[in-house]
Each structure stands twice: as C-alpha cells, then as structure tokens.
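Top line first, the protein sequences correspond to chains A and B. Residues 1065 to 1364, numbered by my numbering, are exactly what the first sequence covers, in order. Residues 918 to 1415, numbered by my numbering, are exactly what the second sequence covers, in order.
Hints are supplied without guarantee of correctness; some may be wrong.
To be verified - Here are some of the chain A residues that sit facing chain B, going by a computed Cβ distance under 7 Å:
1) Ala1087
2) Pro1199
3) Pro1203
4) Leu1219
5) Ser1266
6) Pro1309
7) Gly1324
8) Leu1325
9) Arg1326
10) Thr1355
Calculated directly from the structure, the hints in this document are not laboratory data. Even for Gly, the Cβ is constructed at its ideal location relative to N, Cα and C.
Take a look at the letters that make up each chain.
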Amino acid sequence: MPMTNILSSFRGKKAGRAFILPAVIILLLLTIFPFLFSLFLSFGKVSFLGGLQIHFAGLKNWLRLFNDERFYNALSNTVLIAVIAVAMEYVLGLGLVLLLNRGVKGSTFFRVLFFLPMMLTPIAVGYMWRMMFNPTRGPINHVLPLLGLPAVGWLTEPKIVLYSIILTDIWQWTPFMILILFAGLQSIPPALLEAAKVDGASGWRLFREIIFPLLIPASIAAILLRTIEVLKIVDKIYILTGGGPGIYSESMTLFGYSLGLRAFDLAYGATIAFSLFATILVISIIFLLMTRRSQEISLE
Amino acid sequence: MFKKTRKSRLILVLCVSAVLLSALGISPALAQKRFEGIEITVFTQTPPFIAKPVQMFRADWEKETGGKVRLITAPWAELYPKMFSSFALGAKNYDIIIFPAAYLADFASNEFLAPLDTFIAADTRIDWLDILPVYREKISTYAGTTYAITMDGDSHMFYYRRDAIENPEHQAKFKAEYGYDLAPPKTWAEVRDVAEFFNGWDWDGDGREEYGVVEGMRKGAQGFWTFFSRSAAYTSIPGQAQGLFFDPETMNPLINDPGHVRALEDWIEMIEFGVPGMINMDNGEVRSVYAAGEAALAIDWGDVGVISDTDPGSTVKGKVGYSILPGTTRAWDYVKESWVDFPEVNHAPYLAFGGWIAGIDAKSDNVEAAYDFLSYLGSPENSYICVTTPETGFNPYRESHFEKLAGWYGYGFVHPEDYLGAIEATIAHSNVQPDIRIPGAFRYFEALDAQLAMALAGAKTAKQALDDAAKEWEAISQDLGKEKQLKNYRASLGLPIE
C-alpha cells in the first residue's frame, strides 16, 4: 500500500479515534464508573467503624427494600405525582399552545410570561409556594374565607399534600410543554392546514386529524422528558414538606437522600437510587412501546 | 550632648536585653512569630453561622503568631462525609474541624482526633475550668479523654409570653377554668393547659387570633430533638444512668417504654393547641412565628430568645420569659420497669444537639499551631465576643459568659439576666441529659424521625410508632455491631466499658 494511502487511512480512522479517546475515557470515568460503583454498593455493606470498609452483602439491601413499607409509600407517591402532574401539564400546555397559535392579542407577551416559572430554580419555587400555602400568613388561605370557603391545610393534610405538590409542579413546568409543543406546531406546514380549511375542515376536525397527529412526536418527547424529571422529584418536596406530614409526601429521591445522606446508610441509599433508576427505565420503555403503537396507528 | 547620651543609653539597653534573651535561649523575633510559615486549615459549616468566629479572629491570631488560617466551608449535609473521608483516607485535608458534638464518638472511636488533655493542662489562656462541667467533662470527651474544645453551648429551653401570663384578666379566667393559678408552666401537664387556654383567641389585643404553642415538628428537620426534650423528664430519674436512648447494660432501645409513649401522646395533643401548620414547621419557622407574636409558648434552642429581643422585626421584644424545660411529677424507671412518683417536679433538661465543638486531626502536621488557634478562639475573652455577636451561631457555655451582662445588653437583650439564668439552670442542672453520642447517631435519629412524623400525622398511634422505631433501632445496632455500640454508648456516658 502506498505511504500516502496509509497516512490517509490513519488520518481518517485511527487519528479520529485517538482524538475522541480522551473524551471517551473522561465520560467513562465520570458516568460509568460511579454508576457501576453505586450498583456494587447496593450489594454491599458500608462500615465506618475502624475506617471506611465495604463488604459484600449479597441481596440483603434489596430484600430489606422489598420489605420496607416506606419504599412502597415513596414509590406510589412518586408515580402518582408523575402521572397526574405530567398529564395536567400536557393538557394545559396543549390548550395554551393552541390559544397562542391563534394569534390572540398580546400573544407574544403571554408567551414570555408563561415561560417565566420554568426559569426559576425549584428551590425558589418551593419557598415561594411554601409561603403561598402558609396556613395563617399565606395569601391563599387569606382569600378563601373571603369567598366563603374554609382555610385549607395545604401542606399539612395527608389527603391534600400530594395535590399541593402537583399544583406547584404544574405551575412551574407547564411552560416546558408549551415550549416543545409550540415548536412542534410551528413545524406543521401552513399549506397543509390551508388545504384542509379549503376542503371545509372544521376547527375540531383540523385539530383531530391534522394538528394532533403531527404533534405526536413532539408530545412523546415532552411527556417522556417530563416524566423522567418528575420521577426524580426531590427539591420542591424537600422545601415544601420535607416528605411530611408523616411520610405522605415522601418521594423516592427524598427517601434515598434521607437514608443515604442523612442517616449515612450509603449502601441502602444506593439500593433506593437503583430501584428508582429501574422504575424510570421500566416506565420509559412501557411508554415508548405504547406511543410507538399509537404512532403507527396515526400514520395508518 | 543630651541627645547623644540618650541614644547611647538606648543602645546599651537593647544590647543588654539581647544578651539576656540570648542567654535564656529566646530570640525576640521568633518569640513573637512562633508559627511563621505554618498554614492551618479549618473546616466547618458555610458562613455566617459557625464559620463567622473563625473569620472574626483569624487575622489577629495570624498577626500575633505569624501563622496563616485557611477556612474551608461546606453546607450542613456535606460536613460529615467530607470530614470522615478526609480522616479515613488519611488525606489530612483539614487540621481543625468545627463539628456537631454528635459526631465525636465516630471520630474519637476511630482515633481520628488528637487527644488534647496535655495541651489543655499546659494552657494558661483557655481557662478550662471556666467551661461548665457538662461541656468539658461530657460533650468534649470520649472514654475519659478530651478530644475537642467547646465552642458553643446548645440546649433546648422553654419560652412563654410574660405579658399574656402576667395579665390579671387572663389569670382570673384561667383560674376559673383550670382551678389553679396561671403562671409560667413548670410541668408538661401545665404546658398543655396553658397552651389550650391561649389557643384560638386574640389575647394580646392586636386584632388577630393567637395560638397556644409553637414547636418544631417537621419531618426531616429538628423534630426528634423536640420530642426528646419532652420525653427526658418522663424517662430520666436523678442519679440513674441515662434512660433516654438505650439501656446502658444491654444496648436495648428504651424509646418505646411507657415514659416515651406518654411524652409522644402529649406531643401529639399539642397539635390541637398549636399555630396552624405547626406539623410542617422547622425551628427556623418556629423562631419567626414566635417573634411575630403568634404563640404564647415555644420550645427552641437559645435562638427564640435572641430573635425575639434583638431582631428589628420582632413584635415581642421585652415580652418573652425564659425557663428551663418543664418537668414531670412521675418518670418511668427502666431498671425496675415501673413509674416513680416525685413529691417535687422532676426536671431533666436536654442538651439537644450538644453544640459545636472543635477538634484536631490526629495526623495533622500542625497540631501545636492548630491547638493554639483553638485556644485563642475559645479563650474566655474571645468566646464572650462570639456568644454576644449576631450570626456566630454560638451560645454561652462558660461561667464567665453568664457573669458579664454588658455584652448581652449591647446585643439587644431586655432581660439578659433571665435569659442567661434559664440557660445556666439548664446546663448546670444535676439531671441534665446529654444528646446521643455514638457512631451512627444520625441513623438512629432518621429512623425515629420518620416514625414520629407518622405518629404526628395520625398514621400510627404513639405506641405503634415507637415500637416500630425501637425495632429499627435494634436492627441498626445489630448492623453496626451491638457489642461495639454498647461499648461506645457506655463510653459516651462516662461509664466503665468492661
């Protein structure tokens, strides 16, 4: 083989690989190693007595997890928050996008206004809503009696607390749905909509047969991203209730944080983290399989 | 001529001084700058609280000794892992750590900290005996050896509104309803009555409804300390080894005994007489709610007293009374497994959290300089400035802190003698109960915290919750090694280990 060809081949493939190798190593060190180490920890026992020691403990942590009432409570709280919050965010986001897209007066102003909550940090949102929900000094409970309604223990009533948390999540993250769906809506060719209108399609039919099917890819992305995020919810709950009253608002991540970093039971904390990872993985796969089927139906 | 003579004399004096100092083996330059070129690293919580005193005094110490102080800080949740990993890996990241007293057993039992008794014995500046006995003999020691210098005196105390309790109309109404005189509550039963009496009406005439009590009950915050403040008097018999956490003979948990159950039942009842939303309040919120004049009674560290009198936004300045935690007329004897009745009120003040203490890495290359800085920071004079300065996070812990009132008036207190009197009565009490100080302390606390939260939310009865907590405590002890934990627990109480 001529020398120039060898050099050319090296430049083309091996040099390329050599250049990306440091990035791959860094990526492996920063992501894969901690991931595998956490997985290892979930089968181990960490002891601080006599210095840091890690021993293999088999399935002990996993058996403890599956017999822990707090785990099932945290799992059901987390899934409930995710299902209701993401569904509401999607419905509200879609409705607002359709309104904004109709070119109502001041739509640019509203578009900017709607995005503001999303730009706040969850901690700030948590403190803001904690003040809003304050039973004696909060504005919501100040207004309710003026309307003839009783004051509500938004963050202290076991039957209400999860819905209060869901409300704050909807308030903050509906704009994300708006952002994604608005981009999806903008990508629909105007000619297609015009042609349908010329053919006499009504507003509802236009939405049902053209807009919604074409928004499905954007909807899947938005719902999936939000679901993954909400399943990891911790910051707002930490500020709003700390997981209380009782453990009625404890999420999976807060449960893991409490055991792993407050109680320093690191092995069990890692087990909780991995169970959350598995939950997210399963829910995401089920969701993608379901939506793939619905995409196929809509394309048919 | 005169000038020349004076100059000659000056030179002569300097020469003689130099010769004398040389003869004594002291170089004037070196005596003043004994830590020249040495840098010590201090690690503690993110400022202002706790780190502020280091920021206040390091420049003066550097000027005096020639050494340098580097301050590294981290949020609360990162303190333990960072301290522990530095010690366990022998990284020597920090020469000094200022840390919660609850961590001492973990660090001392692993021989991470340098013993300080020899330094203290030779130290003429620190005035060790001026520190109140419970801090120098219990909180700063492990198995009879001193491993830390006290920086902060933390204990729970009780607060009441003087103006509400001293009001003659309220006193007459209370006596008619409850059959005894309205006064600052001495027992938890009286706390219940006074809280009920002042709950749900405008007793201070500001046009708004007020409430009976405010206490920190929030899950994941400081609620378990408030619970122990209530249960201590129900479970601590004077002269008996501590019955608050574990049986010191067997390491069996005592937290589900009838004394603790009774205390939790009392506590649950307080929700009814408390500021709405109290179940979700941490102690930060307790302080602001009390300073806003919303409640008649409160339990907290010294902070409610500080904020009530010194915060510009406080509506209760000068209206707050202070006392040792209320007591009981009976307590559960864990040895005889029966109730013991007392002719007088049994108080068992609780050193919740135990305060911040400072230790030195046993492997530090600069132990001497590190100790010198701690001695400087914790000296009677400088510690007095710390405890009377806002945002240091340090509360009084020396005899001398209670004697000089000028600094406390300067701080903004209206009745500093009462505030200090309540703290001193707490700390110096013969039946005072130190906090839990064994490895895994926060693991035990976390397990209890979740169960207390469930009882407060009505998901479990007091007995069910504490029985479940006791099972978890037993499992934690088994996991950590029950025999080892028993030895640690006995060492933390100053009892013979074998």
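Fill in: Structure versus earlier hints, numbers of those that do not hold, lowest first
Failing hints, ascending: 1, 3, 5, 7 and 10.
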